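Engineer: Each residue of the sequence shown is one higher than the one before, starting from 1 at the first, in the working numbering.
What the hints contain is simulated information worked out from the structure, not anything from laboratory work. Keep in mind it's a predicted model, so treat the numbers as computed, not measured. Some hints could be false.
Lysine to any residue pairs mimicking SDA-like chemistry, simulated, CA-CA at most 25 Å apart [as the list claims (entries may be wrong)]:
1) K69 / E17
2) K31 / Y55
3) K95 / I15
4) K56 / D90
5) K76 / D90
6) K96 / Q13
7) K56 / E23
8) K76 / I43
9) K2 / N39
10) K69 / D38
11) K96 / L62
12) K69 / L99
13) K56 / I79
14) K96 / E23
15) K96 / K2
16) K2 / R60
17) K56 / Q25
18) K96 / D46
19) K54 / E23
20) K54 / P67
21) K69 / H48
22) K54 / K95
23) K49 / E23
24) K31 / N16
25) K95 / Q9
26) K31 / K76
27) K76 / R89
Label pairs and their computed distance ranges (CB to CB) [unchecked claim]:
28) I27 / K100: 32 to 42 Å
29) Q9 / N57: 16 to 26 Å
30) Q25 / N77: 19 to 29 Å
31) R89 / Q9: 14 to 24 Å
32) R65 / Q45: 36 to 46 Å
33) G87 / K49: 19 to 29 Å
34) I27 / N92: 28 to 38 Å
35) K76 / I43: 31 to 41 Å
36) F19 / D90: 30 to 40 Å
37) W93 / V53: 27 to 37 Å
38) G87 / H48: 19 to 29 Å
39) M1 / K96: 10 to 20 Å
40) H20 / K76: 30 to 40 Å
All C-beta atoms, glycine included, are put in the ideal place defined by N, C-alpha and C.
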Amino acid sequence: MKYEVVLTQDANQDINETFHWYESQSIGLSKNFLAQVDNSLKIIQDNHKLFLVKYKNVRRCLIKRFPYKIFYTVNKNQIIILAVIFGGRDPNWIKKRLLKK
């Protein structure tokens, strides 16, 4: 069964902000970031159980070549992308953000 990947508003905002930050650092780097996010989302979609549960029912996937993590949950036939967060963030801050709802 193929799962539908759904990005929350928070996850979209995370990706957008990170895209603009990388673009301000080096032209073209933002496109590489988006390509790696896309690759990670495809891996998650193909095998969502590959990644361990980090907080309650929230799983975490590391993005290759970039210090970011994708956090997601699985509901029936959907994979809900909750956030794309810098890996250097305080784990307590990440946990609060992910479990706020």
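Engineer: Quickly compare the C-alpha distance for K76 and D90 to 25 Å and report which way the hint goes.
Structural biologist: 31 Å, violated
Engineer: For the range 36 to 46 Å, tell me whether the beta carbons of R65 and Q45 fit it or not.
Structural biologist: 19 Å, violated
Engineer: 32 to 42 Å was suggested as the range; check whether the CB atoms of I27 and K100 agree with it.
Structural biologist: 35 Å, holds
Engineer: Does the beta carbon distance between G87 and K49 stay inside 19 to 29 Å, or does it fall outside?
Structural biologist: Holds - the Cβ-Cβ distance for G87 and K49, about 22 Å, lies within 19 to 29 Å.
Engineer: Just to be careful, I want the Cα atoms of K69 and H48 compared with a cutoff of 25 Å; is the pair within it?
Structural biologist: With Cα atoms ~14 Å apart, K69 and H48 stay inside 25 Å; holds.
Engineer: Verify the proposed pairing of K56 with Q25, using a straight-line Cα cut of 25 Å.
Structural biologist: 35 Å, violated
Engineer: For K95 and Q9, compute the direct alpha-carbon distance and say whether it is at most 25 Å.
Structural biologist: Distance ~18 Å between K95 and Q9 Cα, so the pair holds.
Engineer: For the pair supplied as a hint, K69 and D38, confirm whether the alpha-carbon distance does not exceed 25 Å.
Structural biologist: Holds: K69 and D38 sit about 13 Å apart, inside 25 Å.
Engineer: Does Y55 lie within 25 Å of K31 when you go C-alpha to C-alpha?
Structural biologist: 30 Å, violated
Engineer: Take a quick look at whether K76 and I43 sit within 25 Å of each other, Cα to Cα.
Structural biologist: Holds, at roughly 18 Å.
Engineer: How does the Cβ-Cβ distance of R89 and Q9 compare with 14 to 24 Å: does it lie in that range?
Structural biologist: Distance hint for R89, Q9 holds at roughly 19 Å.
Engineer: Please work out if K56 and D90 have their alpha carbons no farther apart than 25 Å.
Structural biologist: 18 Å, holds
Of the numbered hints listed earlier, those contradicted by the structure are 2, 5, 7, 14, 15, 17, 18, 19, 23, 26, 27, 30, 32, 35, 36, 37, 39.
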